[in-house]
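Chains as they are written, first to last, in my numbering: chain A, 124 to 356; chain B, 124 to 356; chain C, 124 to 356; chain D, 124 to 356; chain E, 124 to 356; chain F, 124 to 356.
Take the hints with a grain of salt, since some may be wrong.
Copies of one chain are not kept apart here, so a pair can be met inside one copy or by any two copies together.
Said to hold, decoys possible - No more than 25 Å apart at the CA atoms, straight line, and that leaves these computed lysine-lysine pairs for BS3-like:
1) 195 with 148
2) 347 with 148
3) 234 with 195
4) 233 with 347
5) 347 with 234
6) 347 with 195
7) 347 with 149
8) 233 with 195
No lab work stands behind these hints: they were computed from the structure.
Please read these numbers as outputs of a predicted model, since none were measured by experiment.
6 protein chains.
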Amino acid sequence: MTDDARIADVLSQVTTATITTILLKKGLRNVWLRGTRPLRPGQPRRVGRAFTLRFVPAREDLATPESWSSPKSTRAAIEAMPEGCIAVVDAMGVTDAGIFGDILCARMQKKGVAALVTDGVVRDLAGVLAAGLPVWCQGAAAPPSVAGLTFVNWQEPIACGGVAVYPDDLIVVDDDGAVLVPAALAEEVATLGPEQERFESWIMGEVQAGAALPGLYPPNAENKARYEAARRG
Amino acid sequence: MTDDARIADVLSQVTTATITTILLKKGLRNVWLRGTRPLRPGQPRRVGRAFTLRFVPAREDLATPESWSSPKSTRAAIEAMPEGCIAVVDAMGVTDAGIFGDILCARMQKKGVAALVTDGVVRDLAGVLAAGLPVWCQGAAAPPSVAGLTFVNWQEPIACGGVAVYPDDLIVVDDDGAVLVPAALAEEVATLGPEQERFESWIMGEVQAGAALPGLYPPNAENKARYEAARRG
Amino acid sequence: MTDDARIADVLSQVTTATITTILLKKGLRNVWLRGTRPLRPGQPRRVGRAFTLRFVPAREDLATPESWSSPKSTRAAIEAMPEGCIAVVDAMGVTDAGIFGDILCARMQKKGVAALVTDGVVRDLAGVLAAGLPVWCQGAAAPPSVAGLTFVNWQEPIACGGVAVYPDDLIVVDDDGAVLVPAALAEEVATLGPEQERFESWIMGEVQAGAALPGLYPPNAENKARYEAARRG
Amino acid sequence: MTDDARIADVLSQVTTATITTILLKKGLRNVWLRGTRPLRPGQPRRVGRAFTLRFVPAREDLATPESWSSPKSTRAAIEAMPEGCIAVVDAMGVTDAGIFGDILCARMQKKGVAALVTDGVVRDLAGVLAAGLPVWCQGAAAPPSVAGLTFVNWQEPIACGGVAVYPDDLIVVDDDGAVLVPAALAEEVATLGPEQERFESWIMGEVQAGAALPGLYPPNAENKARYEAARRG
Amino acid sequence: MTDDARIADVLSQVTTATITTILLKKGLRNVWLRGTRPLRPGQPRRVGRAFTLRFVPAREDLATPESWSSPKSTRAAIEAMPEGCIAVVDAMGVTDAGIFGDILCARMQKKGVAALVTDGVVRDLAGVLAAGLPVWCQGAAAPPSVAGLTFVNWQEPIACGGVAVYPDDLIVVDDDGAVLVPAALAEEVATLGPEQERFESWIMGEVQAGAALPGLYPPNAENKARYEAARRG
Amino acid sequence: MTDDARIADVLSQVTTATITTILLKKGLRNVWLRGTRPLRPGQPRRVGRAFTLRFVPAREDLATPESWSSPKSTRAAIEAMPEGCIAVVDAMGVTDAGIFGDILCARMQKKGVAALVTDGVVRDLAGVLAAGLPVWCQGAAAPPSVAGLTFVNWQEPIACGGVAVYPDDLIVVDDDGAVLVPAALAEEVATLGPEQERFESWIMGEVQAGAALPGLYPPNAENKARYEAARRG
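Here chain A stands alone, though its shape is the one from the complex (with noise of 0.2 Å):
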């Protein structure tokens, strides 16, 4: 099993709220891309390395319909997603131009690519949700890219969702939206992660059982003790 799959199937198991608040204890406070909701309520929690794409506004003379056969298309950028990817697209939080539909999001999903998130919105909404990629976004609109947005590049630095996200940055995606950890912290991320939810696990049945939050969550001495008492079992 390679580093990464080692990574990915250890952060499967571990909520993006519990991997915000170690980042968070490591200074690490903006990381929540804002904006990034489950297209469709209930998808699977996904984790990969993220592959960005970046938009400009719209220009009359550069967003056309024919911009899509240039080399700088989303349509190569597309192809050039590796499987197991997060697709990342900086919209520049624009909310009236959507930026893939059905046809894009169909040939991604045959790719392998993981997820999409963006901080903007997709089109032909029902198209996209048959196609079968799991999407994160603020929701549908009907008009092309084109009407509010120019595609750049990709593969380069972009903001999503007030966020900074860096090519090969990993991004777990769940019900709570989309995070970013850093690359360089992503081992450390797993490592502490299964511990923080193997204690509020605990934590949580002691609520269950009728104990009072003060001294328990965070822990005092006391419930330390129990619950490393517990855990060693």
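Given the coordinates of chain A, assemble chains B, C, D, E and F onto it according to the supplied hints.
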């Protein structure tokens, strides 16, 4: 079959995504009404002539429960709506006062109004859903319209979701929201739309069969020829 | 039955739409808490006294995981909540840091809190839904509260969704969101509400039977008389 | 002197701050037009009847340079403005297309228009300032109105800065912006305004002499008596 | 000279730009109060302890002219302000109701308040400017505070411009706006600030003499040595 | 004189208002950079080729004072700027972190940069004004860029104020803000601009002489003939 009925019949098979692409090619980039989402997932695609209503902000001396009896009331506007029209309401994007509740929506449903479209919200969500009228809007709020809006008139040019809507423009609504087709372009969109849908359907088949996007979508000469051959079938 | 129980019992039959109409007639236009949508569709209508919590923005020297152990923590606030109250949380409309996750919501549920209302968001959506506490909010975000917020105190006057909420004001929540009834007006709203619901129900029957709106809603003298006759039945 | 001239004469001595206080006491809280700042510091206070103009969003098939020759053009609207009126323009708060430039403002100045008020912006700032017409707006932008707006009509009810303005309502503008006085309340405001100004002037004298605020502003019985004595002087 | 006087004296020579750089190096990124611009260009730099005031939204039953006589009024808060403090007002960013007008500002000036800082606006701009109190805010609006705000209390933790302000934190205001220095860091900032200003002044001299930036700002070892030499010089 | 020098010379006599009108007639509606106001009133009109810089949001592990020494720093970008260019900075509209302060602006001024244009803000306002570089931006903020932004690269396509700017597009700035002229259209705008200015100047003369607008602006056949006669004059 009247022209309107024929156009409606044809366009009920064309997605709003396809319609916006066709209109963009004719130079119209601003035809999708922002903030008009289906109130209930899976509402059927609808096509109709716009019947416009216009609000301005509330003024305590004008926007009162008493105003509901005025000859320029929303009640009078609803009685003037012809069967099959789509009511399009300029609520200036206000989301904290519901333009209509269950009773007004039930009356519109009785009169055969095809759909209600607004950049504002409705109130009494449970009641509106029970009334059965398909609604595209920004959601729901409890307060009555007079808490934030003063009704002015009907069948005037309006702004709705950042788009100019004139009485009798054509409106098409589906999962992606609501789009405007200027009255003068309805015939042409009804001609081009189904062909575009056929073409995209062929592309999707190619993608599902594993084809890459460059040269396919948009098609190069070879793929154009293949499509023409398939079409003549 | 206490006064509170009686009022809650009556108001659990009155929609927030009706309550806002009654309050508007008394000159109160700003009682609907913006951005407080049901977290899960179909949550039951709830009525309770407001138990308020207040956040200010995060400051790196104050909003830390360590602050969770402070005597002025959200944990202590939750322990102070009486059974049947509705927790109303001023998160200043912040949507990129979740005020509470699964553990805190589970504890509130254990303590018999009737509902959680906030103009912010929760975190760990799956966990919060599993905890069973009915929540009205703007959605979910992964980051912990300290990523964007500093907790200050409880049972102070707060702003929530653009509305002033004082401790012990009455809160009613349903599909349309959350509305405030000033404590001094609770009795009167509980008197007027059911009658208004009965009246609107009669109107709806008329509309379903094909009646036009002018003269009916609001009613002219003739329809008032018909309603009175029907009511005396 | 006509009623209008007399009222204008009186109100030209009353601040918009005082006028809004008087209107609030009559239950009108929403009379200040948001986003209408003086274009040049120190523009004189002006009073006049509202002459309204209305825009909707741009549509490429409607908002064209050719539309400037239409009978429903801004040019025709300007020719219809009576001397002494205040032009109030509903630009829907659009700040990236200037409603008028130097030529149209110069023509309004020639026709004796007292002021231009809009929730949008002007264009060709240097030229507009040179034209001499006092303007209250959100600032300046280079693009012509048709880049973002379609002109519809004049002397209709409009929204301007979140306030409902009807033709012939009274408008007062000064350093604090623009306020609306409903036509029906003009006489009363003209009566109460000067007295309020006198009273506040006396208060200010007391404050300058070192008086504390509680009991003074608003005055208790003792200070009311002192003011009455001073007034009778 | 008290500690406070000494710190104020030192910091009155340090720009808010320099202070924010120092605080960022200590991990504090969110200390600049958004929307607090000088009301009059060229107001002097001021330093003082925060005296906080807090508003919540207006409620028609609470925010009335009568409330101005309440013991919890803005008037009472002003009388409690110590000489040399900086009044910091949480107006929740509301820009359509002025928190204070000429009379209240004149009283604050009389009491020796060093400055007024708010994320809201003032009213009666001409009168406030005449009162002489230096003000940092978002601008001016005619309506009284009760048109949009309810005053709650003073000397509580508040939010102002997206920053958490606690009573007795240090506030510094200049042309760039208002910044907060946590009370616990005041001494350290007063130590580091003047040295940073001296250093940047030396850099500016180098730039004016034609030096390129890389290696100079931030300095490499050579330039560090040159600066040290110049400083001892 | 080079082509660039000649075009710049011609366009320095043409307002940005006129340029946007010419571009709109060619189908380009989105060329005015929103939020780019002159920092100091009365800054001279400037014309130059765009030299672009791009920021993404701050990340605590990337946006540090140490990053100022990186080879991909703003310092290196400034050293790469050619004389006469206009620096156009994509700050994503962020207004709470200043992209540049006095030292960087002084260096740009030394290097002969014609102007700085950004949709963000500068810091150390007094210092920037003293540096003498003409700046178009949204205002000032005290915090350093790393408090909110991470610098990425220069001479890439960027978004600035909602407009797509490519390296070497032409930028013109005046009192109305900043407009983009696509490189391919520069020659044509330089040809049409002066003629349009002459024509509008003649119109203004007519208006000053008392002419009504309809038939004059835009001109009917008679007025076109009169203008042609005057022009040949």
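So, going through the hints one by one against the coordinates:
For the homomeric pair residue 195 and residue 148, the shortest alpha-carbon distance between copies (21 Å) is at most 25 Å, but the shortest distance inside one copy (40 Å) is not. Taking the shortest Cα distances, residue 347 and residue 148 sit within 25 Å of each other inside one copy (19 Å), while across copies they are farther apart (34 Å). Proximity of residue 234 to residue 195 under the C-alpha cut-off of 25 Å is restricted to the intra-copy arrangement: shortest distance 19 Å within a copy versus 34 Å between copies. In this assembly of identical chains, the alpha carbons of residue 233 and residue 347 lie at most 25 Å apart only when taken from different copies (22 Å versus 48 Å within one copy).
Proximity of residue 347 to residue 234 under the C-alpha cut-off of 25 Å is restricted to the inter-copy arrangement: shortest distance 24 Å between copies versus 47 Å within a copy. Taking the closest pair of Cα atoms, residue 347 and residue 195 come within 25 Å of each other only across two copies (22 Å); inside a single copy the shortest separation is 56 Å, beyond that limit. For the homomeric pair residue 347 and residue 149, the shortest alpha-carbon distance inside one copy (22 Å) is at most 25 Å, but the shortest distance between copies (31 Å) is not. Proximity of residue 233 and residue 195 under a CA criterion of 25 Å is satisfied intra-copy only: 21 Å inside one chain copy versus 37 Å between copies.
Figure legend: structure checked against the earlier numbered hints; every hint is met.
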